[in-house]
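Visitor: Chains as they are written, first to last, in the UniProt record's numbering: chain A, 1 to 198; chain B, 1 to 288; chain C, 1 to 241.
Among the hints, a few may not be true.
One side only, chain C facing chain B, incomplete, derived with CB under 8 angstroms [what the hints assert, rightly or not]:
| hint | residue |
| --- | --- |
| 1 | Ser35 |
| 2 | Ile46 |
| 3 | Tyr50 |
| 4 | Phe120 |
Dumping the calculated BS3-like pairs for lysine-lysine here, alpha-carbon to alpha-carbon at most 30 angstroms [claimed, not checked]:
| hint | chain 1 | residue 1 | chain 2 | residue 2 |
| --- | --- | --- | --- | --- |
| 5 | A | Lys101 | C | Lys191 |
| 6 | C | Lys233 | A | Lys18 |
| 7 | C | Lys188 | A | Lys35 |
| 8 | C | Lys191 | A | Lys64 |
| 9 | A | Lys18 | C | Lys188 |
| 10 | A | Lys104 | C | Lys191 |
| 11 | B | Lys13 | A | Lys104 |
| 12 | C | Lys191 | A | Lys18 |
Calculated directly from the structure, the hints in this document are not laboratory data. Beta carbons: idealized from backbone N, C-alpha and C, even for Gly.
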Amino acid sequence: MKEREEENFVTPGDILGKALELKPGYGAYFSSHDKTIYASLTGFRSITPAPIDSEDQRATVEVKGHKAHGPVPEPGVVVTARVTNVMAKMASADIVCVGPKSVKEKFTGIIRQQDVRATEIDKVEMHSSFRPGDIVKALVLSLGDARAYYLSTAKNELGVVSAKSAAGATMVPLSWTEMQCPLTGQTEQRKVAKIDAV
Amino acid sequence: MVGLSLGEQTFIKGGIDQDLRTDGRKRLTYRPIFVETGIIPQASGSARVKLGATDVIASVKAELGKPNPSYPDKGKVSIYVDCSPTAEPSFEGRGGEELSTELSSALERCLLGGKSGAGAGIDLSSLCIVRGKVCWDLYIDGLVVSSDGNVLDALGAAIKAALSDTAIPKVQVSANAPSDEQPEVDVSDEEFLQFDTSGVPVIVTLTKVGGHYIVDATTEEESQMSSAVSVSINRLGRICGLTKRGGAGLHPTVILDMISAAKHVSEQLMNKLDSEIAAAEACDEMES
Amino acid sequence: MEFVNPEGLRLDGRRPMEMRQLRAEIGVVSKADGSAVFEMGNTKVIAAVYGPREVQNRSQQSNDQALVRCEYSMANFSTGDRMRKPKGDRRSTEISMVIRQTMEACILTHLMPRSQIDIFVQVLQADGGTRSACINAATLALADAGIPMTDIVTSCSAGFLNGTPLLDLNYVEDSAGGPDVTVGILPKLDKVTLLQMDSKLQMETFETVMQLATEGCKAVASYIREVLLENTKQLESRRGV
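Next comes chain A alone, as it looks inside the complex (with noise of 0.2 angstroms):
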């Protein structure tokens, strides 16, 4: 254990290797004009080899420091966000979760009315697809505008995961367009997401 932390320990500037054997995986870069490997991050120096059916034979070093900065969302990332405003074209959204992780502070993100669902997406009503105060899961499309995150919902295990009900109590999903109050029994229009049962 002692040797594995003293050798492997590295803080930002170390060298981790040349390019022609490594590449850089999290917490490593490359600089161009020494072709070389160093270390961006503290903490400790760990070399995954290549998959084998891959071309690129090198295997990935990566830096494991013990706090990772705070998430910040990425294209291609499921993020947790509770809808904030619906309007006739598109909803937004804060973004509250990025994967697993909650962030520090929240980010702002849009759902468009192409982006709700994958079919006949030009009939699509926002306020049957979300209300303010929803929980939804949604997958960052891009960097979007200067002002916000650009989501989608168009997958089945994407959308509404928990809302309130009129009457204030916790809906139970019905369909992937449905929900119902339990106190009530009304239903409400909803862009439901399909969660795998436990």
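Since the structure of chain A is provided, determine the placement of chains B and C on it from the hints.
Guide: For chains B and C alone, kept in the frame of chain A given last:
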């Protein structure tokens, strides 16, 4: 801050109702207090107090000055609090000014008494050197380094500790100076007088959340409060100052109840603080 | 006034090439993403890093890299004579800008687009070399926050008095009117990121003094590396690894 979800808010309120707060404390228990004195060598006295994650530093500087003409036999004390942006990003630039002014005036009210200096926790007449001509000006500076709720109590404790650590140099006044000119004073480098802090009060803030009040609230708990009452009480159990914050109205009996709870808590706090200060000073002497 | 006595000792008993005692602690402000205290002799500085987080001022947002902001403030009681105004004066603004530019050069900002990194530096005690202590504290705080950097930045100052180059000036030596060279380097990549000097110096003497300051920076770098290793080991043992 992302903001507390409904579930988290209910959890905090429910915990307080059942006398079991989120960090396991009872309603009237303080977080562990950590006191360090003499941390600023160039000040006359200084202290650092950590109350959980709340971290404040207080320093006392004594300088020679002229007394206020209306009160010729009293010294002057001024309190100034600065909120460092290290505690909250929103404090950068002038963002922390509002909170700084609020804390400074609350502390002045609790420690300095009325305009004439009557009833002050600090005995101003002990700061007078030559009546009407020369007196000590005490500048008390507070700095909030890290804030996790209950900053006022921490500052009160830090000021009390800094004052206990304060050593005012002995002054020799030249006897043969003409009476209408500024007398010459010789400030001694060797001999010091320890400041008398037996009359300095501590501040206890009671925060009302839901139907109960708690002592030493964290930032999360403070976000749920409806109102707060800060009472400054001295060793004799006398109230030296009172501030109520928050918009919600309180029934007068509730306020009286809160004051008596504050008195009860203040005894324990005062004893704990005195023992911590004594330990810190002993530590200080061992090192120097 | 004599700053180096005939035996070769300075006013505080150090040798000309000797640095003051260094002391650092990581993680002092638990609420911040990263924080550190750095002491060089009697100069004591706290740095706190908040970020990456969403940009507060939309007009300054950049689509391809993170925005780095810095604020330098001195406590009222930090200098011998009590200061009236802790922030907003010109010296604070200048030092804030210097620290920001120095740290921005070494942070991999393109990895965190459309976000903001705030570095707040608070001086608790000032006894010369505050600029350097601030940069060293900021480096530790950034490393504690896990923000990716190309290398750590370390800084040290050096001067020239009584015909001798002196390393790590304190306040008395700094206000003597002699030259004060502050150097900031990236130790592993061996590059200079910050170079400031006031007063005047001969060209050859300048090279010697700058070389001395650079040596000081490297000494600080090895100390910082030790502190980071110690801190990581402590955290790992607390996690039960």
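Visitor: Can you list which hints this structure breaks, lowest number first?
Guide: 5 and 10
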